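Whole structure, please, built from the sequences with the hints as guidance.
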Amino acid sequence: MTGNAILQDALLLGVLVLLVRPLGGYMARVYQGERVLPDRVLGPVERLCYRTLGIGPGDEMDWKGYAAATLAFAGLGMALLFAILVLQGVLPWNPEGRPGMSWHLALNTAVSFVTNTNWQAYGGETTLSPLSQSVGLTVQNFVSAATGMAVLAALVRGFARRSTRMLGSFWVDLVRGTLYVLLPLSLVVATVLVSQGVVQSPETSVMVTRLQPFPGVDGTRSATQDLSMGPVASQVAIKQLGTNGGGYFNANSAHPFENPTPLSSFVEMLAILLIAAALTHTFGRMVGDVRQGRALLAAMLVVFVPLVAGLHAAEQAGNPAFDAMGIDQAEGDLSAGGYLEGKEVRFGVAGSAMWAAATTAASNGSVNAMHDSLTPLGGLVPMVLIQLGEVVFGGVGSGLYGMLAFAIIAVFVAGLMVGRTPEYLGKKIEAFDMKMASLVVLVPCALVLVGTALGVSTAAGRAGILNPGPHGFSEVLYAFSSAAGNNGSAFAGLDAATPFYDVALAIAMFAGRYGVIVPVLALAGSLAAKKRIPAGAGTLPTHTPTFVGLLVAVILLVGALTFLPALALGPIVEHLQMHAAG
Amino acid sequence: MKMLARTAILLALMTVLTGIAYPLAVTGIAGLAFPGRAGGSLVERDGQVVGSALVGQCFEDPAFFRGRPSATGPFPCNATASGGSNLGPANPALLEAVRSRVDALRAQDPGHPDPVPVDLVTASASGLDPDISPAAALWQVRRVARERGLDEPVVRALVEALVQPRQLGFLGEPRVNVLDLNLALEALPR
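Chains A and B supply the protein sequences, listed in that same order.
Residue numbers for the first sequence follow our numbering, so the first one is 81 and each next one is one higher.
Residue numbers for the second sequence follow our numbering, so the first one is 38 and each next one is one higher.
These are calculated hints, taken from the structure and not from any lab test.
Please read all numbers here as calculations on a predicted model, not as lab measurements.
Every residue gets a Cβ at the ideal spot worked out from N, C-alpha and C, and that includes glycine.
Incorrect hints may appear among the rest.
To be verified - From chain B, some residues computed to sit far from chain A (all C-beta separations above 12 Å):
(1) A90
(2) R105
(3) G110
(4) L124
(5) P129
(6) A134
(7) Q145
(8) A182
(9) R183
(10) D188
(11) E189
(12) L225
Said to hold, decoys possible - The calculated lysine to aspartate or glutamate pairs, modelled on DMTMM-like cross-linking and capped at a C-alpha distance of 20 Å, are:
(13) B/K39 - A/E140
(14) A/K610 - A/E140
(15) B/K39 - A/D369
(16) B/K39 - A/D139
(17) A/K611 - A/E126
(18) A/K611 - A/E510
(19) A/K610 - A/E510
(20) A/K508 - A/D369
(21) A/K610 - A/D306
Claimed, not checked - According to the in silico footprint, chain A covers these stretches of chain B (three or more CB under 8 Å from chain A):
(22) 45–59
(23) 68–79
(24) 93–104
(25) 152–162
(26) 165–177
(27) 209–223
Laid out in structure tokens, this is it:
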């Protein structure tokens with residue numbers, strides 16, 4: 081890596097770490113029901129929401145009530161979004177006259193946005209009306225993110241409280257998370273993005289006269305260029321902050337109208353990681369020991385930083401087949417060089433590599449470079465980051481509740497070594513808790529492996545593959561990893577707009593989300609009911625570098641044992657073949 | 038029943054708040070604070086809009102600077118269907134496409150002594166990349182100057198004047214906006 085690439089990456093992570101404490105502390109106040117600054121403006125809206133809902137700000141639910149509310153809210157959200165997408169053709173604000181989606185594409189898209197995945201089997205600018213984008217997708221971008229944060233808040237209360245069945249109210253958590261965290265941050269980020277050139281226009285299309293005519297449809301020379309537009313900045317801001325990732329345009333954040341400058345890219349990457357990272361501090365605050373949150377953040381960074389460096393190195397090394405063709409891939413003053421297929425010049429290898437790692441570490445899934453065109457080892461990194469369980473930052477809320485499940489497994493492993501009953505944050509970890517934590521870790525793994533096996537062993541699955549050889553296998557493996565991990569990025573050459581992939585991936589997304597949320601809430605209920613035992617001489621401290629090391633080892637071990645054989649069949653063998661041929 | 042009713046109410050409230058009020062608020066702020074940028078950073082020449090500064094146009098005339106190859110369908114630089122090739126690095130289709138781009142560039146400028154910069158022969162992620170590296174612009178100076186009957190140093194100076202350094206000095210990579218460059222080129226006396 082060059083000095084400048086290191087500087088860019090270090091600055092991004094530096095700004096991120098600096099923001100963890102203020103934002104994390106702020107979010108702790110939000111979820112503890114304390115007054116926060118935007119209350120002056122949004123307080124009346126909050127109280128109006130409670131009045132309409134017929135609830136009070138101090139209402140409480142047990143874990144089953146919380147889970148039921150979460151599932152009901154998701155179910156209705158899916159039904160509404162499905163209806164909007166299927167009926168798009170007859171709904172208003174559809175100036176281009178886009179027809180409704182097929183049932184399977186609408187099902188896939190509805191599940192995708194409600195589960196905070198934002199897998200997109202459609203091209204935004206060619207498929208959706210502005211109404212579907214705003215009233216359909218943007219709404220779920222907010223509330224699916226707020227749902228993840230709410231479930232995390234319930235789990236953290238499970239650790240923080242003692243001898244109670246109550247975990248807080250899903251309604252209150254959802255309203256407060258949306259109003260006080262997601263909306264204000266989105267307004268700020270959207271405004272910054274517009275200042276860089278991200279469009280936010282009531283127009284959906286602007287026709288311009290090209291400087292030079294160029295072959296258009298059917299090879300006839302066209303003197304004009306039709307520019308797709310729309311309310312883009314508002315959607316991009318929340319798609320990053322809420323780790324949703326669904327682009328307004330097909331090319332997502334590689335599109336110049338979604339991500340026009342290196343600074344907009346920096347802000348968007350920061351937004352991708354921001355809330356997930358800051359929630360570690362929220363957790364520390366709420367359990368009364370900020371060192372605990374710091375340890376989890378440290379574990380995330382320990383996994384993340386070497387993977388960024390690896391991804392960068394793989395892309396900078398270029399394509400060995402290009403050397404014989406008289407192509408200059410070297411890094412110099414006049415060109416950053418590297419492997420630029422599927423990348424944008426303004427971001428270069430450095431800005432594309434950091435983004436690819438950030439968007440898959442956090443379960444965001446927006447892209448500023450095409451992952452299908454990454455080099456084999458470069459493409460391995462995003463896949464691994466998803467397969468580690470989306471716990472390195474992870475989705476907003478979902479990343480940290482996944483990480484807490486790994487922390488429980490780590491103290492259990494340590495307990496086995498020394499022969500003591502494991503405990504975490506003063507809560508004794510018993511058989512039921514271990515079962516739930518194991519489910520949280522294993523459900524996505526099983527979905528990825530079973531789904532991939534199904535994809536490559538059926539004709540319907542193989543029909544969607546674009547690239548031949550091991551790369552084609554990687555496309556399928558990536559698709560199911562992305563769906564089960566609720567990431568949403570893709571090796572996009574895979575033609576996933578087929579009934580098989582629409583339905584199979586919808587199942588993976590649904591089970592990858594709620595097959596995890598229900599055990600998390602059950603775990604929260606079990607933890608809340610326990611007494612808090614004071615730390616003794618035999619208690620494993622969970623804020624130390626030793627514990628960080630143990631936690632990282634557990635995460636890497638589970639990931640490696642589960643996925644190494646599959647990765648060997650895809651990117652690893654592709655890498656070996658490419659260099660043997662070159 | 039009560040839970041279902043609450044679910045519906047909450048979804049309705051959130052739809053109004055985040056699906057309608059929020060995008061309208063951003064549109065309002067954007068229109069007031071940055072009207073040109075919110076509207077697509079359109080570029081005018083002699084009162085006519087000739088494109089967006091942010092969206093790449095394809096140039097194939099050898100007398101113009103070329104931008105990044107575009108893999109949008111059904112035709113290149115289609116700003117209503119953005120996207121990349123999604124071809125893997127070892128895919129024969131990719132290697133074939135790259136080789137034919139190298140050949141096309143070399144056919145328009147036989148005997149060029151330098152290897153072709155990688156961004157001139159690889160498709161961008163969006164298919165609408167507005168920029169090329171300074172190296173890619175300088176590589177084309179020889180051809181463009183000859184086609185227009187201009188002195189190479191004049192064209193080279195034009196490129197060098199239009200190189201955008203890293204944003205704030207360290208973000209992104211140095212680049213040249215191809216539409217800007219070709220507009221400036223057209224303004225030169227032939």
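Hint-by-hint comparison with the structure:
no.	hint	verdict
1	A90	violated (8 Å)
2	R105	violated (7 Å)
3	G110	violated (10 Å)
4	L124	violated (6 Å)
5	P129	violated (8 Å)
6	A134	violated (9 Å)
7	Q145	holds (15 Å)
8	A182	holds (18 Å)
9	R183	holds (18 Å)
10	D188	holds (21 Å)
11	E189	holds (16 Å)
12	L225	holds (14 Å)
13	B/K39 - A/E140	holds (15 Å)
14	A/K610 - A/E140	holds (18 Å)
15	B/K39 - A/D369	violated (38 Å)
16	B/K39 - A/D139	holds (15 Å)
17	A/K611 - A/E126	violated (34 Å)
18	A/K611 - A/E510	holds (13 Å)
19	A/K610 - A/E510	holds (10 Å)
20	A/K508 - A/D369	holds (17 Å)
21	A/K610 - A/D306	violated (62 Å)
22	45–59	holds (count 12)
23	68–79	holds (count 9)
24	93–104	holds (count 7)
25	152–162	holds (count 10)
26	165–177	holds (count 10)
27	209–223	holds (count 8)
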